[in-house]
Amino acid sequence: MAEKYDLQEREVWDGNFAASQALRQAQVDVVAAYPITPSTPIVENYGSYVANGYIDGEFVMVESEHGAMSGCVGASAAGGRVATATSSQGFALMTEVLYQASGMRLPIVLTVVNRALASPLNVRGDHSDMYLGRDSGWIQLDCFNAQEAYDMTLCAFKIGENHDVRLPVMVHQDGFITSHTAQNVYPLRDEVAYGFVGEFKPVDDMLDFSRPVTYGAQTEEDWHFEHKARQHKALMDSRSIIDDVLAQFKEISGREYKRVESYMMEDAEVAIVALGTTVETCIVAARELRKEEGIKAGVVAPRCFRPFPFDKIRDALGNVKAIACLDRSSPGGAMGALFNEVSAAIYTTDARPLVTNFVYGLGGRDFSIAEAKRIFKEQKAHADAGKITTDIQQFSGLRGPHLGFFQTKRS
Amino acid sequence: MVEIRWHSRAGQGAVTGAKSLGDVVSTTGKEVQAFALYGSAKRGAALRAYNRIDDEPILNHAKFMNPDFVLVIDPALAFTDNITEHEDSDTKYIITTHLSKEELIAGIPALQGREERVFTVDCVQISLDTIGRSIPNAPMLGAFVKISGMFELDYFLENMKRVLSKFPQKIIDGNMVAVTRAYEEVK
Amino acid sequence: MQHLKLLANDNRGLNELENGTGLVGWNEVTQGSILPSFEGDATNIAHLKSEERTYSGYNSYTATVASWRVLKPVYNRDICIDCQNCWVWCPDSSILSRDKQMLGIDYDHCKGCSVCVEVCPTNPKSLIMFSEQTLLEDALTQWPEKKKKEDK
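Chains Y, B and P, in that order, are what the protein sequence lines are. For this note's numbering, add 1 to where a residue sits in the first sequence, where the first one is 1. For this note's numbering, add 15 to where a residue sits in the second sequence, where the first one is 1. For this note's numbering, add 435 to where a residue sits in the third sequence, where the first one is 1.
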């Protein structure tokens, strides 16, 4: 019987602590981990909960992140509730096994504390690792603050373990800006949280001796495509289950989440689409601009980055005139991923708003309210001119001469 | 919204100080934010920690702020770091130093003309006397309670005890004396 | 002489791998390409012999690769010393042996690699490769004599 953990109704937790408390409340059976900044405290705390009797589980130290995710795959295939945490280079080293986990349909929860990818070496937050994982077949939930890191981690288990989903889930929070920022967090009582997540019900578990199974079969061109198609279908179909789980979470917590979050979009003329903590900073900027200058600014944020909410993004942005998509990852010779995906979604609407791309905040570069306002105002200028008046892709908050690419061909 | 910027060296407890402050403030029903930017910082490296306090949930995640309070818990950083960066016309400075206020300001041109808004207290000496180590964060909290007028001292001490509850009684007692002394000595 | 279906049940080698048997659409493939090995409850199968088990269609037991073979090993019981070398070395578990007594070859899964012949220590060999079309009884009549040591 696990020890009782003393919780206040209102705690002051950082994102890491919040995520680790969710792992404790979900009574995770196995964490195999190779700790890395800035996600270290998540697995460190889990280890201490095990050591101090708050969880009946196993903490497995491994020799690398590749080993960490491999251990998670093994433990999950064996039939346990499994989670781990990583960031940046560790995430990159895990990547090979991420595809194994999703291909084997193992509902592992990976709490990712987003951090830049070297080189040059950097420990601070950007979305390079989150973007690296976007084709790996995992569900990716994005958090904007510590409360959400807690809430989404609980939801992640319930989503991924649903027998109609059977997919691993990443829960992303911004390195340092969320992970090391203490804020008011309102946790659920242990029994409420565990009641919500529910007992783990394995399928195809290898420790079921009544039904031995093979994991990791080889499939060549005669079978591989069908398996991948079925996996993609499961990922696409998880959208409605994610909606259900978020609705159930609202019932127990009072906190409402959606696959696409929209703020002040009812009458918005210009919008910013962003991920992570930037979303909230942009909300403050939009509020101030509405008050100070009467600019009808709004913010749209994919809570669920994968499966990409093509449908909901289109709904959210169908009535605006100009949109800035903010990508916190070096796009490596392309437009930013958020820009590309948002553009593709709204291209299928009649309105076809003007869309521009900002690359910002790499390696933890601060993103201020003032900069968010400047971007909103630029969108307002595009809207008034009826066309994009700047480069389509620009770098924001960068020292040195203006850096931008491509001009519009629309008249 | 109250915004606070801590200037510290890694290991002096600014991060813990900021989080403790947040913890205590949250008990009054306010929303708080406490963060710091570090990670690869080695003990002794300059770092900054930040607090925001508001009645509404705090959405701004930028490091940038026009601080209402600047808390300097390392004596040398007052001289070497840009402690007046992004200041407002009413930014208050609480600086740990063994110098008198006049001596301190004489050595820091950026503080000149701000005499009314500069407060000094020797957090290093207080922590050595009361806790036995140079951990100047707790005394700084006592000085902040006094200068900000945000709480009654007793209320703060009571909640600080809860925040420190995992530490041995001796450490808790030392911290209580440290907070109280700084509250009384800051000027 | 060995029967071709020695120690086999009806399902062994039922499916030819190369004729596309059992190919299904994306909506029918197993989730996660996870393949159950047996039909029904397998809790107590550990003590059962292979021919007594109900292998599923996903198990290689029910598939055959006999057609991959050009040469086949033929087993001569009269010479064999039951050393189990062939059983240890066979990469396809196609040496059929019970209670440490060699019985013969699983011709549904043997690919004719001839490792068993290479490792057989008897003189003459107890396993010898013959062309696939040679009848087993004919092969046994063509068995070589014991080789004598050559003079030095």
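Since the hints were made in silico from the structure, they are not lab data. Fair warning: there could be bad hints in the mix.
[Claimed, not checked] No more than 27 angstroms apart at the CA atoms, straight line, and that leaves these computed lysine-lysine pairs for DSS-like:
| hint | chain 1 | residue 1 | chain 2 | residue 2 |
| --- | --- | --- | --- | --- |
| 1 | B | K176 | Y | K292 |
| 2 | Y | K374 | B | K181 |
| 3 | Y | K388 | Y | K374 |
| 4 | Y | K234 | Y | K202 |
| 5 | Y | K410 | Y | K378 |
| 6 | Y | K374 | Y | K297 |
| 7 | B | K107 | Y | K297 |
| 8 | Y | K378 | B | K78 |
| 9 | Y | K251 | B | K45 |
| 10 | Y | K374 | Y | K322 |
| 11 | B | K176 | Y | K5 |
| 12 | Y | K251 | Y | K292 |
| 13 | B | K202 | Y | K5 |
| 14 | Y | K297 | Y | K259 |
| 15 | Y | K378 | Y | K388 |
| 16 | Y | K292 | Y | K381 |
| 17 | Y | K297 | Y | K381 |
| 18 | Y | K292 | Y | K374 |
| 19 | Y | K322 | Y | K410 |
| 20 | Y | K251 | Y | K5 |
| 21 | Y | K388 | Y | K297 |
| 22 | Y | K292 | Y | K202 |
| 23 | B | K181 | B | K202 |
| 24 | Y | K292 | B | K78 |
Do the hints match the structure? See the list:
Restraint check: the Cα-Cα separation between K176(B) and K292(Y) comes to about 42 angstroms, which exceeds 27 angstroms; the hinted pair is violated. About 44 angstroms separates the Cα atoms of K374(Y) and K181(B), which puts this hinted pair outside 27 angstroms; it is violated. Taken as a hint, the K388(Y) and K374(Y) pair is honoured in the structure, with Cα atoms around 19 angstroms apart against an allowance of 27 angstroms. Straight-line distance between C-alpha atoms of K234(Y) and K202(Y) comes to about 22 angstroms, which keeps the hinted pair within the 27 angstroms bound.
A hinted pair counts as satisfied when its Cα atoms are at most 27 angstroms apart, and K410(Y) with K378(Y) qualifies at roughly 22 angstroms. Taken as a hint, the K374(Y) and K297(Y) pair is honoured in the structure, with Cα atoms around 12 angstroms apart against an allowance of 27 angstroms. For the hint pairing K107(B) with K297(Y), the CA-to-CA distance comes to about 36 angstroms; that exceeds 27 angstroms, so the pair is violated. Under the criterion of a C-alpha separation no larger than 27 angstroms, the hint pairing K378(Y) with K78(B) is consistent with the structure, at around 22 angstroms.
Between K251(Y) and K45(B) the alpha-carbon distance is near 23 angstroms, which keeps this suggested pair within the 27 angstroms criterion. The hinted pair formed by K374(Y) and K322(Y) meets the criterion: a straight-line CA distance of about 17 angstroms does not exceed 27 angstroms. Between K176(B) and K5(Y) the alpha-carbon distance is near 21 angstroms, which keeps this suggested pair within the 27 angstroms criterion. Between K251(Y) and K292(Y) the alpha-carbon distance is near 30 angstroms, which puts this suggested pair outside the 27 angstroms criterion.
Under the criterion of a C-alpha separation no larger than 27 angstroms, the hint pairing K202(B) with K5(Y) is inconsistent with the structure, at around 45 angstroms. Restraint check for K297(Y) and K259(Y): the C-alpha separation of about 22 angstroms stays at or below 27 angstroms, so the hint holds. Under the criterion of a C-alpha separation no larger than 27 angstroms, the hint pairing K378(Y) with K388(Y) is consistent with the structure, at around 14 angstroms. With a C-alpha separation of about 15 angstroms, the suggested pair K292(Y) and K381(Y) falls inside the 27 angstroms cut-off, and the hint holds.
Restraint check for K297(Y) and K381(Y): satisfied, since their Cα atoms lie roughly 9 angstroms apart, inside the 27 angstroms limit. Our distance criterion of 27 angstroms between C-alpha atoms is met by K292(Y) and K374(Y), whose separation comes to about 12 angstroms. Among the hinted pairs, K322(Y) with K410(Y) is consistent with the structure: their alpha-carbon atoms are about 17 angstroms apart, no more than 27 angstroms. For the hint linking K251(Y) to K5(Y), the alpha-carbon distance of about 25 angstroms falls within 27 angstroms, and the restraint holds.
Between K388(Y) and K297(Y), the direct Cα distance comes to roughly 18 angstroms. Compliance with the 27 angstroms bound is thereby established for this hinted pair. Annotation: proposed proximity of K292(Y) to K202(Y) is violated, straight-line Cα distance about 51 angstroms (limit 27 angstroms). This hinted pair does not check out: K181(B) and K202(B) have alpha carbons roughly 32 angstroms apart, beyond 27 angstroms. For a cut-off of 27 angstroms, the pair hint linking K292(Y) to K78(B) stands: about 23 angstroms separates their Cα positions.
Hints 1, 2, 7, 12, 13, 22 and 23, counting from the list given before, are not met by this structure.
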